[in-house]
Amino acid sequence: MKNLILFILRNHYVLLFILLESVSFVLVVRYNSYQHTSFINSSAAVAGRVNTVFSSVNNYLSLNQRNQELNNELARLRTMMPESSKIDTLAAQTAFDSVYTQQYEYLPCRVISNSVKSANNFLTLDIGSKHGVEPGMAVVSAMGAVGVVKAVSPNFSSVISLLNQNLKISAMLEKSGYFGSLGWEGGDYRIANLEDLPGHITVRKGDVVITSGYSTIFPKGVMIGNVESVTAHGVNGFMSASVRLSVDFKRLSNVQVVRNLLKKEQLELQEMSENE
Amino acid sequence: MNNVLIRNIIRFVVLVLLQVGVLNQVQLGGFINPYLYILFVIMLPFGTPGWLTLVLSFALGLSVDMFCNSPGIHTSATVFAGFLRPYLLDSLMPRETVEPTDTPNIRIFGAGWFVKYSLTVVLVHHVFLFVVEAFKFSSLHLILWRALLSIVFTMLLIILSQFLFTRSNK
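Keeping their order, the protein sequence lines are chains A and B.
Quick note on numbering: my numbering labels position 116 of the first sequence as 116, and the sequence is numbered without any gaps.
Quick note on numbering: my numbering labels position 71 of the second sequence as 1071, and the sequence is numbered without any gaps.
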């Protein structure tokens, strides 16, 4: 016994080494045979805490990349939002009535580009041929006449604004029923010019000017504006007046495209009678 | 004496945290992983008793293993390196006498001696470590290649640490 203790004391260093190394190898072997030993479980509380700290530091260091990824994800989700898709099923207001034949159909849409500054202004709408828009259709807003569709693409249409020197529409004085031709001559975007009124009539300031409905474009009775002043008298027997437009072209957003369902029929008839 | 104890405790904690927090995250070239924590064993004071060296090596290896989820692997390698350390110091010890509380560092006997000493410890530790790890992996020559590259990086870090953190004792 004494010899054993002496042996241990003399060789304690090597024996301790063997002991510790054995423990290590037991750990290695146990770990290899059992995935989740008590060693891992008991240390998880401490090590897990520290590892959490380090991984949060790691996350912080890769913030730039994370932000980029999040931004990409945000863009992807935004693309999927209803707001970013155009609604293709338009609530075109069609009335079903056996007494009246439906002549005009209104397609609601939004103005996505607009100008009032140049001599010939155009608008762009967010609907196009896919939704039934064709060149030559009228565009109106809640406040009155806006313009005429000039060209269409599948999803958009380009509109000649009333504020365009090339556009003339048929307009009439609501009270008297006399009609003339309304156009814009540049300058103030709120004032248009009504020409070719008969020279003998009396026009007062404030008289309401509406569309005549004589062309196949605008329905009859769409508001255009009010007479501001009579500008020319008796030139070739005609007179003209300046008209304050009811539509504020500077803040135009929701408009309707007017589809004349009977346009073709009307044009064919007119053509027929002209040819005779 | 107290000062030496505190300094070694701090070294222990800092090296373990540096190892698991930084060096284990930065794997150079995919498979080179420097194990700087062995510097603690290298820099134990000259007068550390053998049994204490072994116990401290065991504790050090166990701490690193806890964070690496590799129980026993670092422990066995570190204990082995700690076991060889007294013999190594005996055979390499220059004639000059040192205080038992002095730590082996690059300033005390010069760069040549320190590199020879620390390289031996690192070599023993890393080769042992990678071979024990090879119980899990096959392909021995790849393991040895990994060990060799890791040894180079560990040595670079050890020498760098000597210039950064040791003051001249003289």
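Certain hints may be false.
Claimed, not checked - Examples of chain A residues lying across from chain B (beta carbon under 10 angstroms, computed):
id, residue
1, Leu16
2, Leu20
3, Val23
As the list claims (entries may be wrong) - Pulled from the structure, derived: some chain B residues nowhere near chain A, Cβ distances all over 12 angstroms:
id, residue
4, Leu1005
5, Pro1071
6, Ser1091
7, Thr1103
8, His1141
9, Ile1143
10, Leu1148
11, Leu1149
What the hints assert, rightly or not - Okay, the calculated beta carbon distance ranges per label pair:
id, chain 1, residue 1, chain 2, residue 2, range
12, B, Val1022, A, Arg66, 33 to 43 angstroms
13, B, Asn1002, A, Ile5, 48 to 58 angstroms
14, B, Val1115, A, Arg66, 34 to 44 angstroms
15, B, Val1022, A, Leu70, 19 to 29 angstroms
16, B, Trp1145, A, Gln65, 27 to 37 angstroms
17, A, Arg66, B, Asp1102, 40 to 50 angstroms
18, A, Arg66, B, Val1013, 43 to 53 angstroms
19, A, Glu69, B, Cys1068, 24 to 34 angstroms
For the record, the hints were derived by calculation from the structure and aren't laboratory data.
All C-beta atoms in this analysis are idealised placements derived from N, C-alpha and C, irrespective of residue type, glycine included.
Hint by hint, here is what the structure shows:
1. With 10 angstroms as the threshold, the beta carbon of Leu16 of chain A comes within range of chain B, its nearest partner Cβ sitting at about 5 angstroms, so the hint holds.
2. Restraint check, Leu20 of chain A versus chain B: the minimum CB separation of about 5 angstroms is within 10 angstroms; hint holds.
3. Given the 10 angstroms rule on beta carbons, the hint for Val23 of chain A holds: about 8 angstroms separates it from the nearest Cβ of chain B.
4. Chain A leaves Leu1005 of chain B outside its interface by the beta-carbon criterion, the shortest separation being 21 angstroms against a cut-off of 12 angstroms.
5. Distance check on Pro1071 of chain B: its Cβ comes as close as 4 angstroms (rounded) to a Cβ of chain A, failing to clear the 12 angstroms threshold; non-interface status is violated.
6. Every CB of chain A lies more than 12 angstroms from the CB of Ser1091 of chain B, the least distance being 16 angstroms, so the non-interface label holds.
7. Separation of Thr1103 of chain B from chain A is adequate, the least Cβ-Cβ distance of about 21 angstroms exceeding the 12 angstroms criterion.
8. At roughly 22 angstroms from the closest C-beta of chain A, the C-beta of His1141 of chain B stays outside 12 angstroms, upholding its exclusion from the interface.
9. Consistency note on Ile1143 of chain B: stated as away from chain A, and its beta-carbon is indeed over 12 angstroms from all of that chain's, at 15 angstroms minimum.
10. The Cβ of Leu1148 of chain B sits about 23 angstroms from the closest Cβ of chain A, beyond the 12 angstroms cut-off, so the non-interface label holds.
11. Non-interface status of Leu1149 of chain B relative to chain A is upheld: no Cβ of that chain comes within 12 angstroms, the nearest being about 23 angstroms off.
12. A C-beta distance of roughly 20 angstroms is found between Val1022 of chain B and Arg66 of chain A, which places it outside the suggested range of 33 to 43 angstroms.
13. Evaluation of the 48 to 58 angstroms hint for Asn1002 of chain B and Ile5 of chain A yields a failure: the beta carbon distance comes to about 33 angstroms.
14. Against the hinted window of 34 to 44 angstroms, the Cβ-Cβ separation of Val1115 of chain B and Arg66 of chain A comes to about 42 angstroms, which satisfies the hint.
15. The given range of 19 to 29 angstroms is respected by Val1022 of chain B and Leu70 of chain A, whose C-beta atoms sit roughly 26 angstroms from each other.
16. Between Trp1145 of chain B and Gln65 of chain A the beta carbon distance is about 31 angstroms. The supplied range of 27 to 37 angstroms therefore holds.
17. A hinted range of 40 to 50 angstroms for the beta carbons of Arg66 of chain A and Asp1102 of chain B is consistent with their spacing of about 48 angstroms.
18. At about 30 angstroms, the CB distance of Arg66 of chain A to Val1013 of chain B disagrees with the hint of 43 to 53 angstroms.
19. The beta-carbon spacing between Glu69 of chain A and Cys1068 of chain B, approximately 28 angstroms, falls within the hinted interval of 24 to 34 angstroms.
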